[in-house]
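Chains A and B supply the protein sequences, listed in that same order.
Counting with the working numbering, you get residues 46 to 465 for the letters of the first sequence.
Counting with the working numbering, you get residues 15 to 257 for the letters of the second sequence.
These are calculated hints, taken from the structure and not from any lab test.
Possibly wrong hints are sitting among the right ones.
What follows is a list of derived Cβ distance ranges for each label pair [stated by the list, open to error]:
| no. | chain 1 | residue 1 | chain 2 | residue 2 | range |
| --- | --- | --- | --- | --- | --- |
| 1 | A | Phe321 | B | Lys22 | 58 to 66 Å |
| 2 | A | Leu225 | B | Glu187 | 23 to 31 Å |
| 3 | B | Gln44 | A | Trp373 | 42 to 50 Å |
| 4 | A | Trp373 | B | Lys236 | 53 to 61 Å |
Interface residues of chain B toward chain A, partial, derived using beta-carbon atoms under 8 Å [as the list claims (entries may be wrong)]:
| no. | residue |
| --- | --- |
| 5 | Phe28 |
| 6 | Gln32 |
| 7 | Leu67 |
| 8 | Gln71 |
| 9 | Gly73 |
| 10 | Glu90 |
| 11 | Arg93 |
| 12 | Ala94 |
| 13 | Val122 |
| 14 | Met125 |
| 15 | Met170 |
| 16 | Phe241 |
Quantities reported herein were computed from a predicted structural model and do not represent experimental measurements.
Using N, Cα and C, we set each Cβ at its ideal position, and we do this for glycine too.
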Amino acid sequence: MMKIAYFKPNKDNLKSTLPVGIFLISMGLIDIILNSLFNFNLTSFLPEKISFIAPLIFGALGLYLIRIEFSGNKLLDKINKNFNSSSFNAILTLLVIFALIKYVPPLLNWFIFDADFIGNKKEDCTSGGACWVFVKVWFNRFVYGMYPDAEQWRINSAFIMLFLLVGASFFVPSKYKKYLLIFLVFVYPFIGLKLISGGDFGLKYVETGAWGGLSLTFIVSAFALILCFPIGMLLALGRRSNLPAIRYSSIGFIELWRGVPLITVLFMSAVMFPMFLPDGTYVDKLIRVLIAITLFEAAYMAEVIRGGLQALPKGQYEAAKSLGMGYWRMHFLIVLPQALKLVIPGIANTFLALVKDTPLIFVVGLLELAGMVNLAKTNPKWLGMAMEGYVFAGLVFWVICYAMSRYSQNLEKKLSTERQ
Amino acid sequence: MTKIIELKNVNKWFDKFQALKDVSLEVNQQEKIVICGPSGSGKSTLIRCINRLEEHQDGQIIVDGNEISENTKDIEKIRAEVGMVFQQFNLFPHLSILDNCTLAPIWVKKMPKKQAEEIAMQNLERVQIADQAKKFPGQLSGGQQQRSAIARALCMEPKIMLFDEPTSALDPEMIKEVLDSMVDLAKGGMTMIVVTHEMGFAKEVADNMIFMDEGKIVEKAKTKEFFDNPKSDRTKLFLSQIL
């Protein structure tokens, strides 16, 4: 049998293979750039199909030629190790680079270079890119919903107060921290709600139907987040209880709420719930929605926390018991602090899902950010602005969720007591 | 001598498997008892019944004058008086060594924080680990963790200490430092029941030896007699294998 000797680049022929390889790769890149940005085909003399994959062939050959192990050049070694370790990886690398060159510039053009920022009506958008004028004109509505303009300072001050309180909790000495936390969780929500809804203290009453936009997203999310956590915790403990009555009612509750779509729950809270109330009693629509979302998310939270409880070694329970701790002390001092730490990623997951579920409250006629966008795009003066509106809403949601995700990662690091 | 623990005809089943068969035992104050026997013989189950980490189904267990039974509401009170050291240490990994030691005195005995910390430091000093007080369990060696666990149990100022194979999970080099702490504790007059295979330790501190097999106490004797002149053949066989 004859052995076929492939040409293999190595350290000895580095001087000749490296320049050729770099030349071929550059050819591939230049071809793609000319093709996608200037509509000029460098290889038009070739048959159409070969011309189409020509840059890939050039690039792959080039990458093959520069794939030299232990070349002595640190940069080259690093490139080879991370992007060019095999022919398959080389082709993947090329495809990613080509896709970026082809699709990023048009996207940037739409977003920024061809976009319109100046003006105050649809006709001002003439350049063909995104019409950010739409977002600019509707910004106030996107943030405050139908809340009267003259009263918007109340929403602002409620949120500024919240941020100040949260900020203060990072700086006050740890001795007073728990009082601040109790105030934040049990007192502040009522002050904030009263400030926004009004009706007393000379504040004009604003019905909840007028609330909306980003501020409503925050209100609904914050309430549901704060309330679903302790309820979920109790449900998780209940599901592991030795007492059958508590255990089965917890299981029933969790499985009931987990088995129903949120949109159905919201619909029932709006339509069916009032039927069960005695005549004349009235529970505000927003409150019904808050309760529904809270209970729905609490069921998910319960299962996440239960996962943490189950991951905890039995020895921890035994050690706590052997020191004379009863059920509640054992759980609040030993079990829950460790179990919750274990499931921070799961809790963050549930919280993010909750924030992104808030747009569903449109089924009861409440319009938060995405709902307001939906409303604005159907305005006869602004038809055809759906893309800009939803991209804007998507970006805002992404920023909120990414911030929460980063916070949860920091928390995980901060609470870690393992040997680093 | 006053009795502090008394077991009368204790039986215990795990489903159909009988782990303890008619076990009777008396322990006096300041007495040190070492329990040995092959694995699965019910040694651990026996001492875990004494603070009700396991429930016995038949017979009586009386600890410091209180009977342990299904409707004992004072079970937490008994547990606070009976310290326990586990094979796997079971320190609380989210708390520093000092907090591990002060947690139960503060929350169970309602001791002021300052006093609890003083007692904790004394006990950590006693097991020679005071310099590690601010560290977390995950940062310590196995031997240091087990000594911290002993200190944690001592901080509740227990009348009785139970040791469930305290050195079985340790490297040979670390066994000695833990045994030294236990010898020191024994010399201080603590009532101790120790499940262990460390026969050197047993010869040094034990007043009485117990040999268990298949859920029964096969032999109970004074330490010297137990090693020099064991009565039952099963004990002789076991000792010949282990010594």
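Hint-by-hint comparison with the structure:
no.	hint	in the structure
1	A:Phe321 - B:Lys22: 58 to 66 Å	59 Å, holds
2	A:Leu225 - B:Glu187: 23 to 31 Å	49 Å, violated
3	B:Gln44 - A:Trp373: 42 to 50 Å	35 Å, violated
4	A:Trp373 - B:Lys236: 53 to 61 Å	45 Å, violated
5	Phe28	15 Å, violated
6	Gln32	22 Å, violated
7	Leu67	5 Å, holds
8	Gln71	17 Å, violated
9	Gly73	21 Å, violated
10	Glu90	5 Å, holds
11	Arg93	4 Å, holds
12	Ala94	3 Å, holds
13	Val122	5 Å, holds
14	Met125	12 Å, violated
15	Met170	6 Å, holds
16	Phe241	31 Å, violated
In this structure, the earlier hints numbered 2, 3, 4, 5, 6, 8, 9, 14 and 16 are contradicted, and the remaining ones agree with it.
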